[in-house]
Each structure stands twice: as C-alpha cells, then as structure tokens.
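Residue numbers (the working numbering), protein chains in the order written: chain A, 80 to 467; chain B, 80 to 467.
All the given hints hold, so there is nothing to weed out.
Identical chains blur together in the list; that is why a pair holds if it fits in one copy or across any two.
Taking lysine to any residue pairs in the SDA-like style, the calculated list, with each CA pair at most 25 angstroms apart, reads: (1) K216 <-> A104; (2) K338 <-> N295; (3) K338 <-> L208; (4) K216 <-> E256.
Don't read these hints as lab results, they were simulated from the structure.
There are 2 protein chains.
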Amino acid sequence: MSKKITLQFGPKYKEYEVGDIVHLAKDSPLRLECGAEISDFPIAYQTYGTLNEDKSNAILVCHGLTGDQYLIGTHPITGKAGWWESIAGKGKALDTDKYFIICPNSLGGCLGSYGPKHINSKTGTAFNLDFPVITIKDMIAAQKLLVEHFGIEKLLCVIGGSMGGMQVLQWASTYPEAMHACVPIAAAPRHSAQNIAFHEIGRQSIIVDPEFCGGNYINEGRFPVNGLAVARMTAHVTYLSESGLQRKFGRNLQDRSEKSYGFEADFQIESYLRHQGMAFVERFDPNSYLYITRALDYFDMIEDNGGDLRNAFSHSTASFCIISFSSDWLFPTSEAKKVVRALAATAADISFMEIQTDKGHDAFLLDEPLFINAIEGFMKKIHKKVLG
Amino acid sequence: MSKKITLQFGPKYKEYEVGDIVHLAKDSPLRLECGAEISDFPIAYQTYGTLNEDKSNAILVCHGLTGDQYLIGTHPITGKAGWWESIAGKGKALDTDKYFIICPNSLGGCLGSYGPKHINSKTGTAFNLDFPVITIKDMIAAQKLLVEHFGIEKLLCVIGGSMGGMQVLQWASTYPEAMHACVPIAAAPRHSAQNIAFHEIGRQSIIVDPEFCGGNYINEGRFPVNGLAVARMTAHVTYLSESGLQRKFGRNLQDRSEKSYGFEADFQIESYLRHQGMAFVERFDPNSYLYITRALDYFDMIEDNGGDLRNAFSHSTASFCIISFSSDWLFPTSEAKKVVRALAATAADISFMEIQTDKGHDAFLLDEPLFINAIEGFMKKIHKKVLG
Chain A
80 MSKKITLQFG PKYKEYEVGD IVHLAKDSPL RLECGAEISD FPIAYQTYGT
130 LNEDKSNAIL VCHGLTGDQY LIGTHPITGK AGWWESIAGK GKALDTDKYF
180 IICPNSLGGC LGSYGPKHIN SKTGTAFNLD FPVITIKDMI AAQKLLVEHF
230 GIEKLLCVIG GSMGGMQVLQ WASTYPEAMH ACVPIAAAPR HSAQNIAFHE
280 IGRQSIIVDP EFCGGNYINE GRFPVNGLAV ARMTAHVTYL SESGLQRKFG
330 RNLQDRSEKS YGFEADFQIE SYLRHQGMAF VERFDPNSYL YITRALDYFD
380 MIEDNGGDLR NAFSHSTASF CIISFSSDWL FPTSEAKKVV RALAATAADI
430 SFMEIQTDKG HDAFLLDEPL FINAIEGFMK KIHKKVLG
Chain B
80 MSKKITLQFG PKYKEYEVGD IVHLAKDSPL RLECGAEISD FPIAYQTYGT
130 LNEDKSNAIL VCHGLTGDQY LIGTHPITGK AGWWESIAGK GKALDTDKYF
180 IICPNSLGGC LGSYGPKHIN SKTGTAFNLD FPVITIKDMI AAQKLLVEHF
230 GIEKLLCVIG GSMGGMQVLQ WASTYPEAMH ACVPIAAAPR HSAQNIAFHE
280 IGRQSIIVDP EFCGGNYINE GRFPVNGLAV ARMTAHVTYL SESGLQRKFG
330 RNLQDRSEKS YGFEADFQIE SYLRHQGMAF VERFDPNSYL YITRALDYFD
380 MIEDNGGDLR NAFSHSTASF CIISFSSDWL FPTSEAKKVV RALAATAADI
430 SFMEIQTDKG HDAFLLDEPL FINAIEGFMK KIHKKVLG
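Chain A extracted, bound-state conformation (with noise of 0.2 angstroms):
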C-alpha cells in the first residue's frame, strides 16, 4: 500500500515516500461535527511490529499538533529520527516486539492524509480554505474506521500527548468498549482562554502573511515562511518552561563575547527559536495549522457534556494512566486532576502521575525517566491483565 504522493513544505515541492495510505468511508460517509459529509478519503499511517492472531495486541498512538505518524525510525522529509523513540521500539514501553502500533497522520494533516491541501473534485485544485473545519471528534472518527479497516475490535491502549492526550479522552468517551487502557498525557479536557489566545496568535501571523493569498499559496506558486515561522516561535515557547528556558539558555550570548547593540540574535534564545521557526516551515503546512489549531480551540469535554465531565466517562471501562508536568503551563496538571476527578467519580481504574520536571510541556517528547518508566510500568500492568 506504500505510495508516493507530492507534498510541499516550504517555497519547494518535493516528491516523498509517505509510507501506507488507505481510502476510508467508502461505502457510507462520515458526518463530521460541521455538517459536511465526507467519504472515500484518505488517511496516511505507519504501522510499526505485528498484530497478532486475535488482534489484541493494538496500540493507537495519537500524535500531537505538529506531530505525525512517523514515530519511530526515520523521518521521510526531515531525515531525523522518530518523534517517540524514546518510549516505541524494540524493548521499549511501548515493544514493538509485543505490540502492534498504529499511527495515522491526523485527519486535517499535511502528511498524506486528508486535509487542505488535497485536490477539491469539484474544482480540481486544491481545497485550501474551503477543507470543512474539523474537530477532535472528527479526528478519532476517522481513526476509528482505520482500526475497523485492520479488523481491530478492541485496542490494548489508545495513548498520545498533548492533541493526542485530547484524542485519547475522545476516545474514552466516544467509544468506551474500544480499548483496554487509556493513556492521556499533557492534556487537558478543553482549551482554555489563554490556549485559543495563543492558537489565534499564530493564525493570524500566517493568514496576514501575504504569501499567504488567502489560503490559495499553493496555486499562487507562493507559501508564508515567514508567517508560519513566527506562528511556530509562538507555540515553540508555550511548549517550554521559564525555568527550563532559564537553565538551558539563561542570558547567553551566541557566537559572540558582547552585545551587539543591533537587531541580530544576540542572544541563544532568540537563535534558537528562529531556527525552530524555519525548521518548521520545511515540514508542516500553513493551512493544517489552522484547521488543527482551530479544532483544538473547539475542544471542550466539560460543555459537550452538560457542564459535568463525569458524564463524558460514565461508560468508560478502560484502565487509565494519566501524566501531566509539573512545568506545563500550557496543558497544566490542574487540568488533568480535572479528569482525574471525572474519572474518580466512575469507579474506574485510574493511575495519575505529576512528573516533576523543569521541561515544559514538551517533556512528552523528552528523555524523561520518570515519565518512561510510568508508561513503562503501566503497559506491564495491562500486559498482564489483557494478554496474560
């Protein structure tokens, strides 16, 4: 099913290896949350170890933001290695020796799967803008008919960080019988004022860009760089601690002894988030990062369900492994107890970690001990109880 498909990042147009693709909703459509109708569409996704004969042995990892389905190994675009091989992998917590993980490029991504820049039958270029907005119910739908697509009737574990950790509460609360386990991590059950603050600051960096044309870069032989850089900055610093930033970069001066009393990037930090800025613009597209910004501002468990989260798990039958970060002031543990506390109130089986850690919300990403070993000791408790 490996298939090559032409993506662009940034001012070029390259041709990549993008790994598996499966058409979903072929036979009956998928309603998405706005009312558009969707059928026969892609979804890109990575498979990584073998499912086993009764198909128990299935792992759904969800994928952050900016994230994608190339969690282990390397990527195709960037060349650098996977964005969870700290914990996925060969004798890791989550062993592929074990397990059968499955990955897919969010609905609304730029990796393969459908999304903005897919070509609108009805006009014959790309949909650009008019893609319909999509939500983080519309996301897991479509993961779901991925796993039906594999046979699957019940996932060992659904786990993701971040907009992951978001899918996997969806998940629970969606289709409560569909996994044994459920691991959310630096998530919160909705966007906070200060969240969609932060999303619409980036959207609007892009959309005023004016390579940006109104969405139509694509057409127009153009892409806002510079736009979707400074959106990145943005992010990339609510993804970091102060403390964190503070031991890592301090005051430092980079490449020079003094200031330079100018505009250059006299200090680390600043060199350090512009190449974080262009780093991002050759693997990620601007329209995707509007419509999965804007679904995760849409994001809200507590008034889906009447105002009382408890309501959203009351069906729930999963085991659950909750983290957050002590230095995470984007997705705060305050926020997790939240869920913590929905979750207390049905009975189910809940673990719940702070990790203390200077690391930011990022930490998910990170060589972090603590939080791998917490995975690590829960996919045993899970093993044991589900596989024996």
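With chain A fixed as given, assemble chain B onto it according to the hints.
Chain B in isolation, oriented as in the chain A frame:
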C-alpha cells in the same frame, strides 16, 4: 514650550499637539552605552501639579514599554484617559495638589522624544534602523538631564511599573542620592530567557512584514500594520494571567450562539486580541517597538554588578516600596524578591508587598484597591519623612 509635531501612526500621517519638548545635552553630549554620542536631542514630557519653592516635591514617573508621558488627562492620539489616573491626579496617591509629577516620553519612544523617527541631519531622512541601540541606562541618563533641567537636586520619589520599574531600579543604582524614595512595580532585576523569547517573537513579526521595508517604511509611505498588530497580540497575552483570561473571557463566543466552523473570531478572546492589535498600530511606532524591547532584553543589573545584585544598591540611601502581583508571570514575585534580598543586605528601608490578584502584569495599570492603598500609604510615609 508646547509644540505641534507630525507623528505617523498606522497608515495615517497626522499632526498632534505633543505638549512640552526640551532639548537636552546641548553643552556636552550624552555618551550612550553602545558608544554613540547624542547631543541637543529632544525629550517630550508632561508635568502635573506645581513644583514648590525648594523643589522638594517632585516625583518622576517612568512609563512602561508602550506607555508614554500622558498619565493624566486626555491622550492626544487615542482620546482616552491617561494611563495612570488610578493613582495619579487631584487627591490621588500621587496627589497633584501636593506633588509635581514629571513624566518624560522614553528615549527611543515615539511621542516626541528622540527616537528612530527623528531626522538624521546627515541624511535628511528619518534615522529608522540607523538610530543607535539604546539601553535602560541611556533612558535614565536622559531622564536625569530632564530632572536637572528643572533644577531639581533630589527627587521626592522615582516610581514606575514594568519597564518603568526597571528604570526605577537603575536610578537607585546609578544615582543613589538623587531621590528620597523608589517604587519599582512589577519589575525584575534582569530580563529572563522567556522575556527575551517573547520580545524576539514580536520583533520578528514586525521585521518579516514586507511593509516594514527594512525599517524604512516612513520613507516608502508604507507601514507594517499586521506585523505590529501580531507583536502586540503576543505581548498582550503575557500581560494577563491564565486565570484572569479564563474569568474574563473563558470560552465565550463573540456575537454568535454557535461555533462558525471557520476562521472568523468565534471566541471573545480572539476578537479582543485582534482589537488590541489594531488599536496599538494607531498609537505606536514599529521601529520604536524594536528599540525599546531591545533595551529591555539588554537589561541585567546582576551581570552589570559582577553577578551580585547587592553591589547595585550598596550606595543607595532611599526608602523602597517594592510591589509585585501574584499572577504576574512576565515579571513574577520571585524576581521582585531578588531585589528585596539584595536591598536587605544594605540595611535599606524596604517595604515589600505581593498583591493578590488574577489580573497579571497589567494589574499596575488597573484599579486594584490593594495596590492603590499600598502606594497611598507609602507616599504618606515619605511625605511625612521628607516634607513634614
């Protein structure tokens, strides 16, 4: 000394009455930290109240990053009330019936004081990015010349919040005998990596806007409206607190009962931020924004004093009232405490208050009763001590 000058804000050129302007350093130039020398340069300022005969009732107010000299009365550009009417005016904590308040527009500012919009006599056009990079020390050196222009030997008090607070700290260090009292509010002894990061995002947002024209937008008849607005949106979020945003806006929708499933400003917080961005471009200059944020990034009284902040205040004889706000994450209480500890080592007269509020950094501009009471109380004490 009142003078009309042409000030450009946003895409409009208009003539504004900017009030008083004085030319300083006429006899001998002021040497800036970057090495440049400036002379016969304008500083625009406002005064409120009357200077008494022995010139002992003068208060210097230092404004914040995007503040200006109009702390009381109608602002000539926005038409809004002065930015510090909560504590300054007739019968207020800074009582204009008792005190003579001086507030200069900062060096590098855009409301009449010497800055990048001024004409470079060598080229006949605006300095733009040829204006020398200035520092907090340079700013207070210009303020000192203004105070001397009034023949004031010793100020009753130097007071300011945010960047104004950093200036107060620098005054105490550079001119330790020039004031009876110092009131640094919501300030820090140096800019952290996170502070620099947010400033760099704002600067990049401006610089990459094609309308910026490498800083020469005035000559080109253009203006980086979008870049400056996004910079302001980013900064504005850092001036508020997560809990304050949640209380004020939460996830409330703006002018609609349902989500639009689009990229309009569905949420009140989005609409509010866009408004803040657009209002800002009508009253602020993009080059000034670069220069003043840079001055703040360069501010580090700890490094300046050999790594020991106590050295900064070793000659100070002033009374201090140091105020922080519990929800200020831009310049948190932990930074104010560094100042308190350093001052304590000099056996200085210190009052320190952390005001409990969810209004974040911007609390110093708001009608916050505990804060206002604290300033009132301190001013009464200083009045009695100095003026009897």
